[in-house]
Amino acid sequence: MQMKTEELTINCGRPEAESSAHTDCHKVIMPVRDALDVISGKWKLPIIIAVSRGHKRFRDIERSIPKITSKVLSKELKDLETHKLVKRTVYDTQPVSVEYTLTPYAATLDSVIIALQKWGIQHRKKILGK
226 MQMKTEELTI NCGRPEAESS AHTDCHKVIM PVRDALDVIS GKWKLPIIIA VSRGHKRFRD
286 IERSIPKITS KVLSKELKDL ETHKLVKRTV YDTQPVSVEY TLTPYAATLD SVIIALQKWG
346 IQHRKKILGK
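The sequence shown begins at 226 in our numbering and counts up by one.
Certain hints may be false.
[What the hints assert, rightly or not] Straight line, CA to CA, 25 angstroms or less: simulated DSS-like cross-link-like pairs of lysine-lysine:
{"id": "1", "residue 1": "LYS269", "residue 2": "LYS303"}
{"id": "2", "residue 1": "LYS292", "residue 2": "LYS312"}
{"id": "3", "residue 1": "LYS309", "residue 2": "LYS267"}
{"id": "4", "residue 1": "LYS281", "residue 2": "LYS269"}
{"id": "5", "residue 1": "LYS267", "residue 2": "LYS343"}
{"id": "6", "residue 1": "LYS269", "residue 2": "LYS343"}
{"id": "7", "residue 1": "LYS343", "residue 2": "LYS296"}
{"id": "8", "residue 1": "LYS292", "residue 2": "LYS269"}
{"id": "9", "residue 1": "LYS269", "residue 2": "LYS312"}
{"id": "10", "residue 1": "LYS292", "residue 2": "LYS303"}
{"id": "11", "residue 1": "LYS269", "residue 2": "LYS296"}
{"id": "12", "residue 1": "LYS300", "residue 2": "LYS281"}
{"id": "13", "residue 1": "LYS281", "residue 2": "LYS292"}
{"id": "14", "residue 1": "LYS267", "residue 2": "LYS300"}
Source of the hints: derived by calculation from the structure; they are not laboratory data.
Put together the whole structure using the sequences plus the hints.
And the structure:
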């Protein structure tokens with residue numbers, strides 16, 4: 226199978242293909258897997274989108290994403306913080322308040338999110354005919 230990317234064409238094909246084709250395929254698969262490890266799942270991108278739309282407090286984020294549980298939101302926010310996509314700020318107020326904001330690094334996902342949105346719209350039209 227030939228796969229065209231913006232920068233190069235990769236032959237990820239048949240076993241009889243040269244070993245350089247295997248190396249080229251590996252060079253595509255590994256970074257894609259790394260990216261998916263960070264943003265995959267049902268909730269990570271919706272959380273990033275919610276925070277980018279101004280929902281900063283835990284309950285605001287939770288309310289903006291239908292069907293997410295507090296437990297799942299908490300875990301996913303910690304994962305996003307670990308990957309330096311979300312910053313958690315604790316304010317010394319009574320009661321203590323916590324806000325989540327996107328880091329500048331999270332902005333590197335903008336084009337990915339836009340591309341996924343466009344693909345999702347196109348896919349929905351193709352599958353559902355709408």
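For each hint, the structure was consulted:
Restraint check: the Cα-Cα separation between LYS269 and LYS303 comes to about 11 angstroms, which is no more than 25 angstroms; the hinted pair holds. Between LYS292 and LYS312, the direct Cα distance comes to roughly 23 angstroms. Compliance with the 25 angstroms bound is thereby established for this hinted pair. Pair hint LYS309 plus LYS267 holds up; C-alpha atoms about 19 angstroms apart against a cutoff of 25 angstroms. Distance check on the hinted pair: LYS281 and LYS269 sit about 15 angstroms apart at the alpha-carbon level, within 25 angstroms; holds.
Taking the CA atoms of LYS267 and LYS343, the gap is about 18 angstroms. The hint holds against a cut of 25 angstroms. Restraint check for LYS269 and LYS343: satisfied, since their Cα atoms lie roughly 18 angstroms apart, inside the 25 angstroms limit. Of the supplied pair hints, the one linking LYS343 and LYS296 is violated, its CA atoms being roughly 30 angstroms apart against a limit of 25 angstroms. Between LYS292 and LYS269 the alpha-carbon distance is near 13 angstroms, which keeps this suggested pair within the 25 angstroms criterion.
At most 25 angstroms may separate the alpha-carbon atoms for a hinted pair to count; LYS269 and LYS312 meet this at roughly 14 angstroms. With a C-alpha separation of about 19 angstroms, the suggested pairing of LYS292 with LYS303 holds against the 25 angstroms cut-off. About 14 angstroms separates the Cα atoms of LYS269 and LYS296, which keeps this hinted pair within 25 angstroms; it holds. Distance restraint check for LYS300 and LYS281: the Cα-Cα separation of roughly 16 angstroms lies within the 25 angstroms cut-off, and the hinted pair is therefore satisfied.
Of the supplied pair hints, the one linking LYS281 and LYS292 holds, its CA atoms being roughly 18 angstroms apart against a limit of 25 angstroms. About 13 angstroms separates the Cα atoms of LYS267 and LYS300, which keeps this hinted pair within 25 angstroms; it holds.
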